[in-house]
Amino acid sequence: DTAVSQTPKYLVTQMGNDKSIKCEQNLGHDTMYWYKQDSKKFLKIMFSYNNKELIINETVPNRFSPKSPDKAHLNLHINSLELGDSAVYFCASSRGRAEAFFGQGTRLTVV
Amino acid sequence: DQQVKQNSPSLSVQEGRISILNCDYTNSMFDYFLWYKKYPAEGPTFLISISSIKDKNEDGRFTVFLNKSAKHLSLHIVPSQPGDSAVYFCAASENYGQNFVFGPGTRLSVLP
Chain A
2 DTAVSQTPKY LVTQMGNDKS IKCEQNLGHD TMYWYKQDSK KFLKIMFSYN
52 NKELIINETV PNRFSPKSPD KAHLNLHINS LELGDSAVYF CASSRGRAEA
102 FFGQGTRLTV V
Chain B
26 DQQVKQNSPS LSVQEGRISI LNCDYTNSMF DYFLWYKKYP AEGPTFLISI
76 SSIKDKNEDG RFTVFLNKSA KHLSLHIVPS QPGDSAVYFC AASENYGQNF
126 VFGPGTRLSV LP
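Taken in sequence, the protein lines are chains A and B.
Sequence positions in the first sequence follow our numbering and run 2 to 112.
Sequence positions in the second sequence follow our numbering and run 26 to 137.
Hints were generated in silico from the structure; no laboratory data involved.
Remember, predicted model here, so these are calculated numbers, not experimental data.
Glycine included, C-beta positions come from ideal geometry on N, C-alpha and C.
Do not rely on the hints blindly, as some may be mistaken.
[What the hints assert, rightly or not] Short derived list, chain A residues pointing at chain B, Cβ under 8 angstroms:
1) 41
2) 49
3) 57
4) 105
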């Protein structure tokens with residue numbers, strides 16, 4: 002049973018398209034995150050949700066919109082994809098302020 | 026403007042020896058630190074944490090040391106095993122918060 006699962010694992014799409022990445026956690030955690038790992042391998046937090054409420058929203062383009070239908074899910078929608086959006090996106094979850102458990106990542110390639 | 030730095034991109038160590046991974050930070054408000062390990066094509070896995078009220082935390086073969094005055098922490102792995110070969114990330118947050126800032130990682134290779 003995967004604790005934090007995200008789909009798809011790989012996503013190749015053309016510029017200008019709209020795409021979504023789904024994330025689900027079965028750990029009963031109350032906080033979920035989206036991180037982006039760029040070409041220089043830096044992991045940067047994008048969003049954090051606690052009990053379906055947005056609590057961290059770092060400086061990301063508003064083309065990126067997280068949606069949390071319930072505590073176990075946090076999906077990431079990206080509109081009008083650009084070449085610079087190519088990266089690995091990680092979903093994660095935690096119990097409050099404890100350490101986060103990460104999904105396996107989604108490698109997004111925009112061509 | 027890197028707030029968390031891991032100045033060694035890579036490190037090679039012989040099996041059985043000690044691995045020492047270093048991390049420096051610039052933000053004096055950081056008070057909670059984590060180390061993660063990452064294998065290729067997988068997400069980071071939590072290893073060990075330390076809060077600013079401590080200077081050492083130990084968990085089996087892994088020990089983290091924190092020197093607040095130097096804004097430096099290190100992860101010691103003793104003895105190193107080939108399965109420890111991975112990328113290690115240091116992360117830090119303020120007010121024991123959830124907004125962790127990650128370093129760029131150090132790739133550890135443990136040679137048999």
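Comparing the hints with the structure gives:
1. 41: Cβ of residue 41 (chain A) sits 7 angstroms from chain B, so the hint holds.
2. 49: Status holds, d = 6 angstroms.
3. 57: 5 angstroms, holds
4. 105: 5 angstroms, holds
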